[in-house]
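J.: The primary structure of each chain is shown beneath.
Number of protein chains: 2
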Amino acid sequence: MNLSDWPRGIAVISTSEGREVAEKIAKALPNAYLLGDYSRDALDEAFACYSGIVLVMSLGGAVRLVCGRMSEKGEGPAVVVVDPLGKFAIPLINSHWGANELAQTISEKLGSIAVITTVAERKGMRPLEDLARLLYGEFQPKELIAKYYSRILRGEKACAVGFDVPEGFDYLEKGEGCELKIYYGNCKEGYLCVKPYRLYIGIGAKREAHSLRDGVLRVLDELRVPRERVKAVGSVRKEAEEVAKALGTEFRLFSFDEIRRFDHECLSPGSETLSSLGLQGVAEAVALLMAGPRGKLLVRKVREKEFTVAVAGTVEG
Amino acid sequence: MNLSDWPRGIAVISTSEGREVAEKIAKALPNAYLLGDYSRDALDEAFACYSGIVLVMSLGGAVRLVCGRMSEKGEGPAVVVVDPLGKFAIPLINSHWGANELAQTISEKLGSIAVITTVAERKGMRPLEDLARLLYGEFQPKELIAKYYSRILRGEKACAVGFDVPEGFDYLEKGEGCELKIYYGNCKEGYLCVKPYRLYIGIGAKREAHSLRDGVLRVLDELRVPRERVKAVGSVRKEAEEVAKALGTEFRLFSFDEIRRFDHECLSPGSETLSSLGLQGVAEAVALLMAGPRGKLLVRKVREKEFTVAVAGTVEG
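As you go down the protein sequences, you meet chains A and B in turn.
Our numbering puts the first residue of the first sequence at 1, with every later residue one more than the last.
Our numbering puts the first residue of the second sequence at 1, with every later residue one more than the last.
Hints are supplied without guarantee of correctness; some may be wrong.
Derived pair list, reagent style DSBU-like, types lysine-lysine, alpha-carbon separation capped at 35 Å [as the list claims (entries may be wrong)]:
(1) B:Lys87 x A:Lys142
(2) A:Lys147 x B:Lys147
(3) A:Lys142 x A:Lys195
(4) A:Lys142 x A:Lys188
(5) A:Lys87 x B:Lys24
(6) A:Lys24 x B:Lys24
(7) B:Lys87 x B:Lys27
One-sided excerpt, in silico: chain A residues whose CB lies under 7 Å from chain B [said to hold, decoys possible]:
(8) Thr15
(9) Glu17
(10) Ser58
(11) Leu59
(12) Val63
(13) Pro84
(14) Phe88
(15) Ile93
(16) Gly111
(17) Val115
(18) Thr118
(19) Val302
Since the hints were made in silico from the structure, they are not lab data.
Ideal Cβ placement from N, Cα and C applies to all residues, glycine included.
Next up, chain A with everything else stripped away, as it sits in the complex:
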């Protein structure tokens, strides 16, 4: 499991009985955030803002919580339940869309049993949802995702129109020869489309940060951010303008005050150092400020030694 598979992070929520196990899981996963004890707010935030959710509680309790928050297959976060004693890691929803893998990882870290209940032969299929994520776009109309899935699971091929097929999608082929087509950008009605996001890069940096430009560009490449689609780079540090120049895009300088005033449900919980400055964080806030009210946090802040990078996006058109 690596960072870029969980770009929006993994939220860990527990009942009081499960707190100890929840803390272990949050430490063991590279991109996990302990949202603390269960509350309606914490759960809403987890569903709205994270790629994955780990609920440390009884399965029955977890089922009651997720019912009503489930969306179409392949949409919404992967949810894994871990019992308060850490004995089992159980993919609850979106098993094929990350939950099986997340449960496997947790079971390796905690010595739990991964309770995989989907039939094995299906497990090799790379989730369609990964495609939208890799292309930094979102599927429209979402209702079609489940239909595509069920036909693909029955062995049908789908065609990639207007984009190259990333690795691992054996059921996709380039061209227009299939009945099932996935369009990129310019969509045809009745088909599944990937609408690309306009991208906004937020950068936080220590005052003494060295080689900020090279560091940030390296992270963006690792995240496979398509350079031509970056609309703006923002920061509270003038030095970050070098990144914008390298990408050939606009730079926006923000003040600490603007960031302090900004609130968004998807901002990562802040560290103590940041809190003492009255800040919850910079990179995510700046990226979301630039993306505007319809913006979505696409990559939760990546923490490097001297800087942080986050990506927000809005659907074009």
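Given the coordinates of chain A, work out where chain B should sit on it, guided by the hints.
T.: Showing chain B alone in chain A's frame:
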């Protein structure tokens, strides 16, 4: 696990992938009925008419099915999910209300892993729901069940007013000295009450059945049916009148035609022999016919060698 713990039977439903495992489970459990492949109707019937449900499918699929069908804690059937390969038996809802025990039993029969996720110390508590069942009554108002449970789980005692405490309910004491009270029959507003059912006994019998009276009385005693609350005994066989006499209650004779015309969603699937007679069964149909339109199947037909017995009920008052 014995018969009287699952008086309304256990419904087994599967996807086509899980059919083989579903058949094994249906054979292994004493009171299980294979309702076949998943359909909305089969699921509705299972939720309305059975004490327990086993869903043989992926956990994510099962969650999508049960969401929206869940009632207050302690109400509705216990639901266990078994994956199509039979590796895991997972209590999904109403864990403390039978699902843990059902999953344990299945895991023993199939060699599966029972995925128990509730904290161990709670497992010893005999479910409140058992009380209503043992007293052949139903709780009113149902909204109070969850409140009573949460206070009892925190260590509070509840008082049994107007009935003797059956075995195993350590958190109940006879008397009126507790803040939490459970009344029997004559209820006080604001408290949890057990409203007793009027009981109707349906009897099916082979033409050549011997000692029908003694056999049926033995089964009724095993089921702990309170004799004084039986309002009527019914059958298509005149010989069954002996049972009514022994109980000091009314006997009603039915014709095959009346039974053929009768339809109720909770009738057990019929055997081939019965179907060839144009009948789905006798005991349940007769019991439900006597109980009238508001009647409920309380004990699914118990099959003895030469006869069957079923119990239906309506709430008094």
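J.: Each hint: holds or not?
T.: Verification of the supplied hints:
1. B:Lys87 x A:Lys142: holds, 33 Å
2. A:Lys147 x B:Lys147: violated, 42 Å
3. A:Lys142 x A:Lys195: holds, 11 Å
4. A:Lys142 x A:Lys188: holds, 14 Å
5. A:Lys87 x B:Lys24: holds, 27 Å
6. A:Lys24 x B:Lys24: Not satisfied, since the Cα-Cα distance of roughly 39 Å exceeds 35 Å.
7. B:Lys87 x B:Lys27: holds, 17 Å
8. Thr15: Cβ of threonine 15 of chain A sits 9 Å from chain B, so the hint is violated.
9. Glu17: holds, 6 Å
10. Ser58: The hint holds - serine 58 of chain A has a Cβ within 7 Å of chain B, the shortest such distance being about 5 Å.
11. Leu59: Cβ of leucine 59 of chain A sits 4 Å from chain B, so the hint holds.
12. Val63: holds, 6 Å
13. Pro84: holds, 6 Å
14. Phe88: Given a least distance of 5 Å, the restraint on phenylalanine 88 of chain A holds.
15. Ile93: holds, 5 Å
16. Gly111: Where the cut-off is 7 Å and the nearest Cβ of chain B is about 15 Å from glycine 111 of chain A, the hint is violated.
17. Val115: This hint holds: valine 115 of chain A lies near chain B, its Cβ roughly 5 Å from the closest one there, short of 7 Å.
18. Thr118: holds, 5 Å
19. Val302: Check failed: Cβ of valine 302 of chain A comes no nearer than 30 Å to chain B, outside 7 Å.
Checked against the numbered hints given earlier, this structure breaks hints 2, 6, 8, 16, 19; the rest are met.
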